[in-house]
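Peer 1: Chain residues, written in single-letter form:
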Amino acid sequence: MKNSNSEGAQTVRIRRRVIRSALIILYGLLMVLMIYTGRRHTILIDNKNSPDGFYRAIDGMTVSIDDGEPIEYYPGDRDKAVVQGQKHTLTIEIFDTGKVITRTFKIPLWTDMVLISVPKMVAGIEPWMEPFTPAEQIQETKEPDEPTEGEILFSNPGMGNTEAEGLP
Amino acid sequence: MDRLKTFIEDFGWPRIIIFLFLVSLFIMAPFVRVRIDASISDVLNRFGQNAIMVLAMVPMIQSGCGLNFGLALGLVSGLLGATLSLQFELIGLAGFLGAIALATPFSILFGWFYAKLLNKVKGEEMTIAMYVGFSFIMFMCILWLILPYSNPTMIWGYAGKGLRTTISVENYWLRILNNFLAIRIGEFFIFPTGLLLFVGLFAACMGIFLRSKTGTAMTAVGSNPQFARASGVDVDKMRTISVIISTFLGAVGIIVYQQSFGFIQLYTAPSPMVFPSVAAILIGGATINKASMTNVMVGTILFQGLLTMTPSVINSILQTDMSEVIRIIVSNGMILYALTRKVKVSK
Amino acid sequence: MSVQKKFSTLVSRYAVVFIFLIITVAAIPPSGLSIKYILQEIITRLGRNSFLVIALLLPIYAGMGLNFGMTLGAMAGQIGLIFAVNYGIAGWQGLVFALLFGLPISVFLGWICGLVMNKAKGREMVTGYILAFFINGIYQFFVMYMLGSVIPMGNKSIVLSRGYGIRNTLNLDSVRQALDTIFMLRVAGFSIPVITFLVIAALSIFVLWFKKTKLGQDMRAVGQDRAVAEAAGIPVERTRIVAIIISTVMACAGQIIFLQNMGNLATYNAHDQTGFFAVAAILVGGASVTHANIANVFIGVTLLHAMFIVSPLAGQNLFGSAMIGEYFRQFIGYGVIAISLVLYAWRTRKAAAEARMSLEQAPQSVEEGQA
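Protein chains in written order, with the numbering used here: chain A, 9 to 176; chain B, 141 to 487; chain C, 139 to 509.
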């Protein structure tokens, strides 16, 4: 009797451990899923001549990403779009020829910004999408948020931050 | 070895850690170009500034009302006294004593009402005290704006109505205590004799009071209410007396602080002064229902020492201002430690 | 009980609700705000704050009073959001990620909070309050010195210019209103964040269901009488800790919902008033230190925030000063908690005194009966 009871307890323990490990793995997978589907990327869309003449900017077109608004591009234009997730579709309609080109592309997960050169893509030159690292990325978000360290903390026990800003 | 062990247990590990930390800061000071004489002078100054507010904790702890989170009431009485003293243009010693005299009726009044409230809610005094204190401070904020003060150094220049947030006491009674019989050694060291004498006087009075008949009755109420009641002591009356004394000391405490600091700070300024006083007495070894003069002295020195030395030393080492964070962790940690200790059965 | 006694008990029980109702309604005309504006604001604030207030229910149920330690959960949620922004995760995915990231932290912090509160039985509220400040110190240390240095932050735009430590305002544009706008119902000129309310409704149903489970019943027993619960074999210490852990986790999620609606994060201060506002809300809604239900939550949030909406302008128009309105609002806020606590403590002591008196009288009547 005693033996079978302890065996039963053992099975329960093993089962519990299995379920718990499965749950933890599920938890981790969920976080990963959020990263994959939630990560934001900025796409810079270029319509510029190549420096060495391999391709020319397109004289008038509209470009849209996924279901976005088509935006007009003329030679030398650059615009940007912010998207979530990795897979996207690029749709181009060229004014002159009336041609509509659709291309799907995938942004690498940890790349924040990519530069797509439409002329390059239309001319069939690879790679037409490249990671973009702006040197001024840190510059733009400078002064307004800079606190002096004394200001940051007002965490005296007491009434804390009584300014209206802190009120929900 | 055994005696050492009991000593450590009684003294408590957190206290020992804080003490060692403070000592190490003093040792490090000269190596990081922090003047020891200036530091000691600072510490003494801040000790004197705050000691009486910490002392204010003692009566209510002894009478079983717990930690006086409602010290705000006493502080506000002191503010009323100080502002009135300035309004009446009292200067020098008359100004200082006048401030205390003017604060006294307020502190007795507020203390009495506060005591009545606490007597109705025995057991949950601390949380209620906190919120009564906060709402009272807010109520006073409204009053500071509309009370008819007229001294031009106190009120807003343009609008002309309502008191300023910070009022200087420079022309009135700045450092009147500190400079009394002060001993000056070199350029950086001033021993604030008057201040420390004043603090000593009050501490001595409190010590004598606690040994008096009323004082012992008060302590009895705190450590064993049933026994006290059986002995014919009016528990409520003792608690009321302790609360009034505590409020009065709070008023005196903040006036002493102001004469040393140089400014009267109104509106929401009193609120961050309450918790440090609580933390200080706990660091000094007091528990929720037992506090002595030693606790006050030791606690205030350790706490203010920490507050003074940490910024200067640590900032010089790390090139960064960690003092706020350390202060938050230490002071709240101490209060936490006291709250979670088993209440000792009275010996 | 006599009718008079019943009435006075009713009044003292709901005194706070009445006071608030009267003050708020009285302040509407002088404030000059339209009813429509007030209603829309209330709808928004209900969506923003209710979750946080619901987090207070279980500890009250388990006899641990008002859980001021819920701030710990809020801090965990904020850390989750910091990392979500750091990894550039936007939309509702960012919110879910923040929650998943903050969850283990809030469970850990809740566990600590429960342990500490168990060591301070009878003083849980003060202890929770102080613990929140203590952990806040550690949070400040962590976010100000460790993030960006010991723990590298890939997204440099959220780091201070000195190279480590997070900026003191974090722009939450990537997740701004991500939950609210999933389905925003615009009807009759009002905007109603449907999904947010569905989430709140789901939580409410969860709480109601939970109260019926064994663990929930255990908590109730512990809340009513620790000694009896212990004698009945309920693991009192553990049950209390679980109640706090669940509360902390809810606070974590609640803070994320709060912040997504606000749109930006005051990294070092955002959680300061969380406990205060949640407690004030539930007390205004008629709860006490030992009894609270879902209705208290919604009534409380509505009333408290209605008052907070109208009083600054009312104060300004009545007294000619915006500051007075602001101080008045704070005064009422703290005052209401003080009054509620006082009324509650007074009622409890009266009940205990009456119980004592009736016990003392009983043997007499027995004797008379026998004679």
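Calculated directly from the structure, the hints in this document are not laboratory data.
Some hints could be false.
Claimed, not checked - In the BS3-like style, the derived pairs of lysine-lysine whose C-alpha atoms are separated by at most 27 Å in a straight line are: (1) C:K144 with B:K260; (2) C:K488 with B:K260; (3) B:K430 with B:K260; (4) C:K144 with C:K259.
As the list claims (entries may be wrong) - What follows is a set of in silico ranges between Cβ atoms, one per label pair, in the way DEER data are often shown: (5) B:F253 with C:V366: 36 to 42 Å; (6) B:S308 with A:W118: 55 to 61 Å; (7) C:L456 with B:T356: 49 to 55 Å.
Idealized CB from N, CA, C, for every residue including glycine.
Peer 1: Is the straight-line distance between the alpha-carbon of K430 of chain B and that of K260 of chain B 27 Å or less?
Peer 2: 22 Å, holds
Peer 1: Do the Cβ positions of F253 of chain B and V366 of chain C conform to the proposed distance bound of 36 to 42 Å?
Peer 2: 38 Å, holds
Peer 1: Is it true that L456 of chain C and T356 of chain B lie within 49 to 55 Å of each other by Cβ?
Peer 2: 52 Å, holds
Peer 1: If you draw a straight line from the CA of K144 of chain C to the CA of K260 of chain B, is it 27 Å or shorter?
Peer 2: 21 Å, holds
Peer 1: Within a Cα-Cα threshold of 27 Å, do K144 of chain C and K259 of chain C meet the stated pairing?
Peer 2: This hinted pair is violated, its Cα atoms lying about 32 Å apart.
Peer 1: With the threshold set at 27 Å, check whether the alpha-carbon distance from K488 of chain C to K260 of chain B stays at or below it.
Peer 2: 9 Å, holds
Peer 1: Is the gap between the beta carbons of S308 of chain B and W118 of chain A within 55 to 61 Å?
Peer 2: 57 Å, holds
The structure fails to meet hint 4 from the earlier list, while all remaining hints are met.
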